[in-house]
Amino acid sequence: MANKRNWTVALALGAAVIGILVWRPTVLIYGLQAAGIYASIAIPMGLILGIVHIVNLAHGEFMMAASYLTYMVCRATGMDPFLALVPVAAVTAAFGFGIYKLTIRQALKAPELNQLILTFGLAILLTQAANLAFTSQTRKISFDYVSASVDIGELSFGIYNFVFVAIAVAMVVGLRLFLTRTTTGKAALAVGQNPRGAAIVGIDVDRTYALVFSLASALVGMMGAVFITRSSIFPAVGSPFTMKSFCLIAMAGVGNIPGILASSVLLGVSENFLKAFRGTRGWADIVFFVLIITVILGRSIRGKKA
Amino acid sequence: MILETKNLTCGYGKLPVLRDVNIHIGAESVALIGPNGAGKTTLINAITGLVRPWGGSVLFDGRDLAGQATHQIARAGIALVPQERELFPGMTVADNLALGAAYIPRAQGQEERLLDQVIRLFPILKERYRQIVGTMSGGQQRMVAIARALMANPKLLILDEPSLGLQPSIVSEVFDRLSELKKDVAILVTEQNVKESLRSVDRGYVLENGVVVLEGAAADLAKDPHVEASYLGL
Chain A
1 MANKRNWTVA LALGAAVIGI LVWRPTVLIY GLQAAGIYAS IAIPMGLILG IVHIVNLAHG
61 EFMMAASYLT YMVCRATGMD PFLALVPVAA VTAAFGFGIY KLTIRQALKA PELNQLILTF
121 GLAILLTQAA NLAFTSQTRK ISFDYVSASV DIGELSFGIY NFVFVAIAVA MVVGLRLFLT
181 RTTTGKAALA VGQNPRGAAI VGIDVDRTYA LVFSLASALV GMMGAVFITR SSIFPAVGSP
241 FTMKSFCLIA MAGVGNIPGI LASSVLLGVS ENFLKAFRGT RGWADIVFFV LIITVILGRS
301 IRGKKA
Chain B
1 MILETKNLTC GYGKLPVLRD VNIHIGAESV ALIGPNGAGK TTLINAITGL VRPWGGSVLF
61 DGRDLAGQAT HQIARAGIAL VPQERELFPG MTVADNLALG AAYIPRAQGQ EERLLDQVIR
121 LFPILKERYR QIVGTMSGGQ QRMVAIARAL MANPKLLILD EPSLGLQPSI VSEVFDRLSE
181 LKKDVAILVT EQNVKESLRS VDRGYVLENG VVVLEGAAAD LAKDPHVEAS YLGL
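Residue numbers (my numbering), protein chains in the order written: chain A, 1 to 306; chain B, 1 to 234.
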């Protein structure tokens, strides 16, 4: 079912891509770059939602905290964020582990609303802590390599942001290998599909949840480190990504990690399509809402028919 | 003695379901019979840690398992085939079976032998080896669930209503297979189908309102006037 849906989406996208490529290539280029960022932030959240069944409303704030950490590390040591991402990911993994053990784990037994309120509270806590520690002033570190660009004929565009596409693809491939080829990964998948059944075959469900939460925190921490190379950071920088990530996951369907990549491409390219014309430039942000409403309405109608 | 419960008491919320249940299982097969709501599934859940016992003990190989987590009890050597099967619906038969053995110390290094054994028992699983479990029929899923439990190389196999939802011809097939297993593993089975289960086990317990009211050899139980009247419809 998920596969069939992926193929239909891929086919429709393929047709659209060829059309746009001929007519206005930058829409596609910048759209893909934006998709890379959306997807690589949303995928760790999708991992948590698919296996632990928790909507982590503090997801973007985890990334924001990792960005500040990277900022401090890079300022203090002169390290490049691409090097700093290793220690930063280790710290956020430990942070995620602690958050899981201290809070999420307790809320898992409670009704879902408690989990939402809990992670929402964590988001506020992290944002305000960043506000106190760093003030609301934006911070930025500049790197020369970010402005790398390429000229093809009359076309000139920045290529640095393709890094995010590579990261997103690496995450999808890496997670797929982990979840389908390793025993620990299969056990995590099993826990996601049926925690009770997993306990019956001897899988430690609580430990699996902790592992997945730490892994996702490490991935989003890594993204936080890389994020600082292209954007300035401020305490509220993470929250729009929480919302977008959640909606991209909803569009893809819970547990469909390659689908997150596809829905990110759809979102990124459509946004940049509107941005390409002066008249519609201001409307780009609405694309996101139109897409999410269309997808969910479509799914409800199809669900009713079935 | 493989398993022994001593004064096991258990319930949900404030409602007691089991009161001072004492059962024991050696190298044999034992049926647990009783009407709906008697506490058969609760007893199994208490043994396997799916619900926490209020009091009493669950001795397995002389070690008290009461209060331990389900995965620890599974690793100790008790494999459960739950009423609801509790498979991994999005995964293949192959992955479901592999996960049955992956975390059980007793099954380590024996996977091939165990797989041969379950395929001999349920040959259909060989044809369906790469099929996604969620797309299989209820009866086939029941076989996957039994096979997954056997992959753990258990000392004690617990089956909760193994014939539930199966057509009668398959029910006797399942019981025939269970009889084959009796030599290698102790079995505790709950069953609505009292006639069929008493025919294939060594001993039985009758549970009513959370209390063991009767126990004895299967042949004797089948002749007992109370059992005949209540469960065999004679």
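For the record, the hints were derived by calculation from the structure and aren't laboratory data. Don't take each hint at face value.
Said to hold, decoys possible - Here are a few chain A residues that face chain B, going by a calculated C-beta distance under 10 Å:
{"id": "1", "residue": "T8"}
{"id": "2", "residue": "L11"}
{"id": "3", "residue": "A15"}
{"id": "4", "residue": "A129"}
{"id": "5", "residue": "R139"}
{"id": "6", "residue": "I141"}
{"id": "7", "residue": "T180"}
{"id": "8", "residue": "L189"}
{"id": "9", "residue": "A190"}
{"id": "10", "residue": "R196"}
{"id": "11", "residue": "G197"}
{"id": "12", "residue": "A198"}
{"id": "13", "residue": "V201"}
{"id": "14", "residue": "I203"}
{"id": "15", "residue": "R207"}
Said to hold, decoys possible - Computed far set for chain B versus chain A, every beta-carbon distance over 10 Å:
{"id": "16", "residue": "Y12"}
{"id": "17", "residue": "T41"}
{"id": "18", "residue": "T70"}
{"id": "19", "residue": "H71"}
{"id": "20", "residue": "P89"}
{"id": "21", "residue": "D95"}
{"id": "22", "residue": "E112"}
{"id": "23", "residue": "L114"}
{"id": "24", "residue": "I119"}
{"id": "25", "residue": "P123"}
{"id": "26", "residue": "I124"}
{"id": "27", "residue": "Y129"}
{"id": "28", "residue": "Q167"}
{"id": "29", "residue": "E228"}
{"id": "30", "residue": "G233"}
All residues carry an ideal CB built from backbone N, CA and C; glycine is no exception.
Index of numbered hints that the structure contradicts, given in increasing order
Hint check: 1, 2, 3, 4, 5, 6, 18, 19, 20 and 21 fail, others pass.
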